[in-house]
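The hints should help you fit chain A onto chain Z, whose structure is shown.
Top to bottom, those sequences are chains Z and A.
Each residue of the first sequence is one higher than the one before, starting from 0 at the first, in numbering that gives the first Met the number 0.
Each residue of the second sequence is one higher than the one before, starting from 0 at the first, in numbering that gives the first Met the number 0.
Check the hints yourself; a few may be wrong.
[Stated by the list, open to error] To give an idea of the chain A side of the interface with chain Z (calculated C-beta under 8 Å), a few residues:
1. GLN8
2. LEU13
3. GLY38
4. ARG49
5. ILE53
6. GLU214
[What the hints assert, rightly or not] Straight-line alpha carbon distances no greater than 30 Å define the calculated DSS-like cross-link-like pairs of lysine-lysine that follow:
7. A:LYS2 <-> Z:LYS134
8. Z:LYS47 <-> A:LYS223
9. A:LYS2 <-> Z:LYS133
10. A:LYS193 <-> A:LYS103
11. Z:LYS246 <-> A:LYS223
If you are wondering where the hints come from, they were derived from the structure by calculation, not from laboratory data.
Just so you know, even glycine gets a beta-carbon here, dropped at the ideal spot from N, CA and C.
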Amino acid sequence: MKSHRLPLVFIISVLLLLGFGLATFYAASLAERYTLGHFGSFYSYFEKTLLLLGLSLTIAVMLQFVNYRFFRYLTIPVYVIQTGLLVAVLFIGSGMYGSRRWIPLMGSFGLQPSELQKLVIILVVAFILTLPEKKLATGLKILLVIAAVVPSVLLVEKEPDLGSASLLLGTSVIMLVHFRLTGRQLLVLGLVLALAAGGVWFSLRPYQRTRIETFLNPQADPLGNGYNVIQSIVATGSGSIWGRGIKGSTQAPLSFVPVQYADFVFSLVGELFGFAGSALLVLLFIMLLWSTFLVFRSLTDDFARYIVVGIGSMWFLQAAVNMGMTIGLSPVTGIPLPFISYGGSSLLTQVVAASIVVSIYRTRDEFRF
Amino acid sequence: MDKLQQSRQTRRFLAVTVFFTLILLGIVARLYFLQVVKGSYYAGVAEDNRLRIISTDAPRGEIRDRNGVVLATDIPSFDIVVTTYDLQNSDQELGVVATLTGMKLQTLKDTVEKAGVGPFTPITVARNVSKSAALKLAEQEPDLPGIQLVMSTKRSYPLGSLAAHVLGYTGEIGSTELQELRADGYVMKDTIGKDGVELQYESLLRGQKSQKLIEVDAGGKAVKTLQEKPAVPGKSIVLTIDSRLQKTCEELLGDNEGAAIMMDPRNGDLLALASAPTFDPNKFISGVSSEDWKTWSAKGSLFDRAIAGSLPPASTFKVVTGTAGLETRTVTDRSIIYCGGGLTVGGRLFKCWIWPGGHGNEDIYKAYADSCDTYFWTVARLVGVESMDTYAHKFGIDKPTGIDLPGETTGFYPTPQWKLGKFKEPWYEGDTMNMGIGQGYVLETPIRNISIYSSIAMNGTLWRPHLLKASIDPVSKAETQTTPVVQDTLGVSATTLAIVKKGLNLVSKTGGTSRIQVGNIEICAKTGTAETGTPNLYHTWMLAFAPMDNPQVAVLLMFENSPYQRSTSMTPLVHDMLQQYFDLYGGKNGIN
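This is chain Z alone, in the form it adopts within the complex (with noise of 0.2 Å):
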């Protein structure tokens, strides 16, 4: 047995990650206060990420008691209480603009579970695809993972929560180029992506497609659908090399952006802390996936190669399509900034992942079954 170290690097990389989103609150915060005389919602939500964090992080030091491998029998029922989640929410559901999110809990308190749907369709799949050659071929394989993936995509499309759906969607069939596929194989199952792709089209809610319209050209609407992004561009853009600070931001405390605080947070970063700081929020990004890869490549066990890609996965499509959202390079989604977004359910999803990835380095050399 080798030696149980931590790996230093990752759990670095995610501590900065939530140090900055902290940092950016309160920094946020204080410039509400300069400008309104007065702190205002952003501290709110400093406060309130303050005790989602501890909240998290003592969830995530608890599950370092839990061997991962224990997940692989938590696995089917956790995905049928979360599937009856999802039913649930669209009857039970609140949520901002028509749309039917949250399981409202206690307070201003919500669960979101389309967020932890993220990791349990990562141990679902891992779970399908690592499932015993004798009881089930590959072809086979791949088609349980669709049967599995795809009722949640469309429950959570029905929320409606394009961006997370497609998330799903996405770090699914990044964990099957993992699997042992051909390169052939990849392609085929590229097309019928794609035609898939052009079906999804066709079944989109008006909004949604003008969105995705808005996104290909936002200055043909600039008070409509176009509005947030310009307004995401313009405080982003401001923040010019080294930020406005706190003294000099206004569209933060002014709230020209909307849903700054979750959504478009990468644009309070933009006006805050300027180039300096947006380019070296997504240097920590790249530090994460990186230090993901190398916790993967010392990985042997399949289950949990498969959750780590899975994870790594999950970071990497929602940090780009959601700065990349802020700053017109992709559509306008619902899909929040991992460790630095304020929201209850995402912040645990992440911190959870997290701490299953460290929890599989740790018990890398353990037994197998």
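Positioned in the frame of chain Z, the structure of chain A alone reads:
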């Protein structure tokens, strides 16, 4: 999974991670472009984003008469404004406004589109909405998020049509005016003086709008006021007009076409300046109906005859002819000309008005008193057209008086060259004679004619006729008095003018054409009856000033297409004007 399989998987994840990294570096490149390359541009946009200037109209100055009677003032009214950012369904919301105000939907849309302001800045789309429309809109306002009813003011003329041509009216700024005046801070839908004193003294009457530089949040809600400049109300102005005299003048004119003017020859103060038919300027504020337009166009109600109507001055012109004769020493006050009822020149008989009778032997005093045509024909003929033109020019017939009203026109006197050019006909002696009695081609505006008599009254000094007596600062209440200006001096000897005045004085005496008595004041007067080309239809004039040696007031009454056959029939009306003046002002100045 075997080792081989796993190492292939590792290579794949390495490739994927490299791919991820490249994409994230692409994001860094885009950030570099946005924040470093275009950073200062976006910083500027961000500033514009949060700053707005909100301005509100300043109250317009009042217009009062010389005794403080209010002639024009602002009263509360309702405006409708649109904030495009808040419009949910612009066609439906603007449609409601269109229905309530009777405006066209397209007009409203154009106003909103062409306003050229940001989405958060309210745009005034309708002013002075009727009370009923305002009430209905107020009820529906909760369903119309982009539409707001705001309190505003509108112009009101409490005395109705009194002095309408003097006051003019206000209205919404036109697009060509706006182009010229944008630099002065005018914006669409602003109120501006359109005519009369409202136009002439726009710069005094108009206040400075309040301006507030505010920081707003994304919803357009004000967060902080960064700078504030309060509205400065417009200056109030005091006119030289005495509304009592003005009222008398307008009553004397009635619904006839004509003009009546009362002026202080000592300084050019216009005590009354009336033109008829007239109109109610309040109708311009609430919106002129098509019937009103029809009536006004048919009657020429909007035309200010007092300053823009040019008519043959007829016998009132004899002061020019007489002056020309005396100054050129063609005649003296002792020269006698015989009137046998007419004069034959160039084979044509010119009939004096007394024809078939005759005035007999006339000196210049008697010639004024009975307005003998034969006398002045002879003088004009002897003086010649060049000298007649010289004196017509000296009396300023071809020049504006400089009255402080827009739209003044000048009169006209003919020259041989002009006639040749115009009619391809040479100048005949008969033309000179016709000119001598103010007929034929000579034209004068009433304001010029009263100015001529005023300058005679003042021994050759013409004070510029004016309406602005003073302006009052809205804050300090300090009054700035208008300093009277000498517009012109006749350059005619005092002796000559004394002879003309004495002749005019005889007009008002027993034996004169217009016997007037007001107390025992010495009055100078002259009448004139101009042919119109239509038999038995005349333009009639009468002018007067008094007292002769210490003039205080000059008056003019003129009817175009007169209800009277003879100008002398106007004598009682002019008497009333003078009587009222001396009743009001005479006592104070020690007359009688």
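Quiz item: Was the hint right that A:GLN8 lines chain Z, CB cutoff 8 Å?
Solution: holds, 5 Å
Practice problem: Please verify that hint: A:GLY38, Cβ, nearest Cβ of chain Z, below 8 Å or not. | Solution: At about 3 Å, which falls below the 8 Å cut-off, the nearest Cβ of chain Z leaves the hint on A:GLY38 intact, so it holds.
Quiz item: Taking the least C-beta to C-beta distance, is A:ILE53 closer than 8 Å to chain Z?
Solution: violated, 16 Å
Quiz item: Under the criterion that the straight-line Cα-Cα distance not exceed 30 Å, is the pair A:LYS2, Z:LYS133 satisfied?
Solution: holds, 19 Å
Quiz prompt | Restraint satisfaction for A:LEU13 [CB to CB of chain Z, less than 8 Å] | solution = For A:LEU13, the interface hint holds, since the closest Cβ of chain Z sits about 7 Å away, which is under 8 Å.
Exercise. May I ask you to test the interface hint for A:ARG49 with respect to chain Z, counting a Cβ-Cβ separation under 8 Å as satisfied?
Key: Interface hint status for A:ARG49: holds (5 Å vs cutoff 8 Å).
Quiz item: Given the hint that A:LYS193 pairs with A:LYS103, does the C-alpha gap stay at or below 30 Å?
Solution: holds, 24 Å
Practice problem: Let me know if the C-beta of A:GLU214 comes in closer than 8 Å to any C-beta of chain Z, holds or violated. | Solution: For A:GLU214, the interface hint holds, since the closest Cβ of chain Z sits about 7 Å away, which is under 8 Å.
Quiz item: Does Z:LYS134 lie within 30 Å of A:LYS2 when you go C-alpha to C-alpha?
Solution: holds, 21 Å
Quiz item: Would the pair Z:LYS246 and A:LYS223 pass a check requiring their Cα atoms to be no farther apart than 30 Å?
Solution: Satisfied, since the Cα-Cα distance of roughly 15 Å is no more than 30 Å.
Exercise. Starting from Z:LYS47, check that the Cα of A:LYS223 is at most 30 Å away, please.
Key: Within the cut-off at roughly 28 Å; holds.
Violation of the numbered hints given earlier is confined to hint 5; every other hint is satisfied by the structure.
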